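Trainee: Please build the complete structure, drawing on both the sequences and the hints.
Protein chains: 2
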Amino acid sequence: MREKVASLAKRRGFLWPSYELYGGVAGFYDWGPNGAALKRAVVEQWLRLFVIEEGMLELDSSLISPREVFEASGHLAEFSDLLIDCLKCGNSFRADHLAEGLHPNPDSLEAAQLEKIIKEAGVPCPECGGPLGSVRPFNLMFQTHVGPGTGREGFLRPETAQGIFVNFPQLFRLAREHLPFGVAQVGRAFRNEISPRQGVIRLREFNMAEAEVFFHPREREWTGEMGRYEDTELKLVPREGAERTCTLGDALETGLMHNRAVAYFVALTARFLTLVGIDPARLRFRQHLQTEMAHYASDCWDAEVLTSYGWVELVGVADRGDYDLRQHQERAGTDLTVFVQYPEPKELEVERLTPIHRALGPMFKGEAKPVAEALKASDSTAIKPDGSAKVVITDAEGHKKMVKVPKECFKLERVKERMTGERILPHVVEPSFGIDRIVWTVLEHAYTERKAEDGEVMTVLRLPPVVAPITAAVLPLVNKDGIEELAMRIDSELKSEGIRTAFDSGGSIGRRYARMDEAGVPFSVTVDYQSKEDQSVTIRWRDTQDQVRVPITHLAASLRELAGTD
Amino acid sequence: MREKVASLAKRRGFLWPSYELYGGVAGFYDWGPNGAALKRAVVEQWLRLFVIEEGMLELDSSLISPREVFEASGHLAEFSDLLIDCLKCGNSFRADHLAEGLHPNPDSLEAAQLEKIIKEAGVPCPECGGPLGSVRPFNLMFQTHVGPGTGREGFLRPETAQGIFVNFPQLFRLAREHLPFGVAQVGRAFRNEISPRQGVIRLREFNMAEAEVFFHPREREWTGEMGRYEDTELKLVPREGAERTCTLGDALETGLMHNRAVAYFVALTARFLTLVGIDPARLRFRQHLQTEMAHYASDCWDAEVLTSYGWVELVGVADRGDYDLRQHQERAGTDLTVFVQYPEPKELEVERLTPIHRALGPMFKGEAKPVAEALKASDSTAIKPDGSAKVVITDAEGHKKMVKVPKECFKLERVKERMTGERILPHVVEPSFGIDRIVWTVLEHAYTERKAEDGEVMTVLRLPPVVAPITAAVLPLVNKDGIEELAMRIDSELKSEGIRTAFDSGGSIGRRYARMDEAGVPFSVTVDYQSKEDQSVTIRWRDTQDQVRVPITHLAASLRELAGTD
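Here the protein sequences come in this chain order: S and P. Per our numbering, the first sequence runs over residues 3 to 568. Per our numbering, the second sequence runs over residues 3 to 568.
Hints are computed from structural coordinates only; laboratory data are not their basis. Remember, it's a predicted structure, so these values are computed and weren't measured experimentally. For every residue, glycine included, the Cβ atom is placed at its ideal position computed from N, Cα and C. It is possible that part of the hints are untrue.
Stated by the list, open to error - Subject to a maximum C-alpha distance of 30 Å in a straight line, what follows is the list of computed DSSO-like cross-link-like pairs (lysine-lysine):
#, chain 1, residue 1, chain 2, residue 2
1, S, Lys367, S, Lys348
2, S, Lys403, S, Lys413
3, P, Lys12, S, Lys403
4, P, Lys402, P, Lys371
5, S, Lys402, P, Lys12
6, S, Lys403, S, Lys453
7, P, Lys497, S, Lys497
8, S, Lys402, P, Lys497
9, S, Lys12, P, Lys12
Stated by the list, open to error - In silico contact screen, one side only, chain S against chain P (beta carbon under 8 Å); selected entries:
#, residue
10, Phe30
11, Ile54
12, Leu61
13, Ser64
14, Leu85
15, Val148
16, Gly165
17, Thr336
18, Thr339
19, Lys497
20, Arg502
Mentor: As structure tokens, then:
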């Protein structure tokens, strides 16, 4: 199956390994004409759901980021795989790959544990049989330098998400300072795999679509109407308990899913994947085990699909909490909290930090006044374990910065206050889509075979019309009596209406239908002798081979309606 | 003007400098919600013209490329700027920038000349006033490493074009082995500028749209109908002679433009730029001087527009000849020539290489037979200056490779042959578009001001509806009597039809119109009391403030028709 799809993908210009002219580079694929169009259409459907329908803001941020971003995000410290080198040939391997079969879940082990297992089993180098060295972490970000000399360190982003977090102040303002709001981003991301395998499933350069949805920490409820998806059937594999199929409504009611925002995006994900051609019967949502979650996540459900590679993760819907904003707030020294008004003002007894001016003055000099103001506006949450307080002030140049205030400079007092609202750091729920994997799976799930009358086996690629690279083939029945000219005119009119067509006048009409079926073209428009008489053509539907006759004047509109792109 | 547009761009979420949270990184910009949508729409129009209408193949190839690609393309040797360091503070500068005012065209000078001029004028470091060092070239490609250890050297592509050239064999096959054919690619490219300035005009990370069009070297005529653009008026600045405005037809007839393929794409470029909102009165096409052409080009016309930065190059239409394919053919040792049939077979006297088997056998052993066959199929062009011949053979594993055959292994003979065609290396014409610059210029050219009745000056961003980020605002006249609910229902129906809308119920209707005018929203749909009675709404056109009333049932279709997106 995999070989058939890969062969079709290359033959029909969907995708193929990059740089074959130079012997190839593992982990890179190029998208050919049909693949680029299919990928674009899948992304367009995603944007239609997330940006247009759900009303999220779109962002297109830089791929190269400075070091600070990934110091804050934790990627510099955490985004690594364990590597082992051959001491003889110098090749490097993923240590967990070499421990496969030696442990039920080598992916979950630490360096020392993996090294012990590999040593004890006497695993040799898979390339040359030589002895292996020790296990060490290898950071998976591609590094570069910005500007001349050693310049400023830069990294190619491993996810699009950080571009959204570092732009949070701008984006919150553009969302009119209301929670919740979502920001969507589509684009390239990079992961310098040690030894990529599994074709397009694990690439060093790939395409993602991510949404970061910002919530009030106590109100994880998206603005979308949950009722719309109440009856959506989902196959769920919870962290504890058995796999089951139930509606989203049931999953929420029984507490199987308790995070309502995560649940909403799980349902939206199911709708999206089905829309672009993933077989719902081969789709399940699996909750991450505590041990397998990324360093920033507190809960995560993966959309997994059954492919020729087994169950593959296509989408992760993760609760990132306030991890990222908090990290950037610390690293950048900029207050990223937002003010949220209460529905009604509250009378609250609060702990306030009262400045002790005789201590503050000598210590902070010209900044004593803003520090005192900041202390008065803080509560006990500003106090750190060592008794000091961290507050944010605005310095003389108008820049915000964080200041550490020793405990002798203030005292903690309980006061009654009328509060109109509070400052909070938003929490984030993130649906994150691997576009290349999704498109590959769409190809696998669309791949079918049909036996022709003469017994020949023909490939039919049942891509949903809404994502098919070519919407319609235009086929003159014969190449004489003005039929071909009429077909060419029709073809160029459809093109100028923005409809993607393929003109094909070579070979028997049966062979041409077969070629179009294999390329996933949903509709074939045939121009025949009757077309000259009454200005009509037939439209053939790939999946049933049914035909209808329509007037040429209605052809573009009919195709748009049939394709669902009107 | 520039400040007004930059301020509007940031305020309304079009674009802003990246990484402000961390103090910024020069040469990087992020596209916000309105900007991402505007850029996407501009790209969509480009694809519609180049891929759908002109029938080019689309490609989406990898951003990271191995060293071999840029060894072949010449970028490793040639793609550099001249740099000068301060010996005191260590900052680096573009040497030609420091020579501005000291020479009419410092950009055209060699390192030694620039150094002389700078030294003689005693130019100090612009940062600290310290003394400057010597001038040296700095390669503008971002470098990285693929895989662990020192890995394999990789570079971020400086243009999308090389991805097309290295895939030429695949793409030629997908074009059904016919010339001419075109391949289009849209995506990120990178240029590690020494000291970027001029905002979005010179970025380190940017977006390009490029088409590489492959021709028979003696037939530079694209398949598109030239007649369509015969009357297109162009302002031309030829290499020799004065600037003039004439039609494309005149330019061709008078020999002002002699390369017909370049001429065709110049006209198509003018159509595209005008379509997305560039003012044709501020557009000209300038032919490159011999000294300023890129290392691969033999002729080039730039589309230049007048902006607040002066005349800026947005598009280059270059004749790259067979430079790139020839370089890759040499570097990869793979024959990239294609067979082109003559209209009719020809009887030709040709020089053929006759193998001398007694010399060939001992030297090539098992490969003597394929080498002999390859010699017989070669003509005198295979002979190198040293008298040896280079031929391509297929080895035992089916790989093609180039073989050097010493002169004692063959003799050159004149024979008469009936030829059905010939092998040629295609030539390339390349229209190359800088998308970020184009979008910025669209913003500048769309920026206008209107005086309100009370004398207040309002900004109106006259973006063409076909690229406007938001197609329609939905505005309830009042927020009571069910008007707001009706407006919300209309808004969500338009969204689910895929129309980009903005709902706004805050403030007077006049203020809301003004907000939408500033954001470039072409149509405002107002829901009023009459809407409840007869299910109709008004549509207001941003540029004239005219209003029409339409039934709600026809609203989506009317908006699509007005926006030209139906």
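Trainee: State for each hint whether it applies.
Mentor: Evaluation of the provided hints:
| no. | hint | verdict |
| --- | --- | --- |
| 1 | Lys367(S) x Lys348(S) | violated (36 Å) |
| 2 | Lys403(S) x Lys413(S) | holds (22 Å) |
| 3 | Lys12(P) x Lys403(S) | holds (23 Å) |
| 4 | Lys402(P) x Lys371(P) | holds (15 Å) |
| 5 | Lys402(S) x Lys12(P) | holds (20 Å) |
| 6 | Lys403(S) x Lys453(S) | violated (71 Å) |
| 7 | Lys497(P) x Lys497(S) | holds (26 Å) |
| 8 | Lys402(S) x Lys497(P) | violated (39 Å) |
| 9 | Lys12(S) x Lys12(P) | violated (43 Å) |
| 10 | Phe30 | holds (4 Å) |
| 11 | Ile54 | holds (5 Å) |
| 12 | Leu61 | holds (6 Å) |
| 13 | Ser64 | holds (4 Å) |
| 14 | Leu85 | holds (6 Å) |
| 15 | Val148 | holds (6 Å) |
| 16 | Gly165 | holds (7 Å) |
| 17 | Thr336 | holds (6 Å) |
| 18 | Thr339 | violated (14 Å) |
| 19 | Lys497 | holds (5 Å) |
| 20 | Arg502 | holds (6 Å) |
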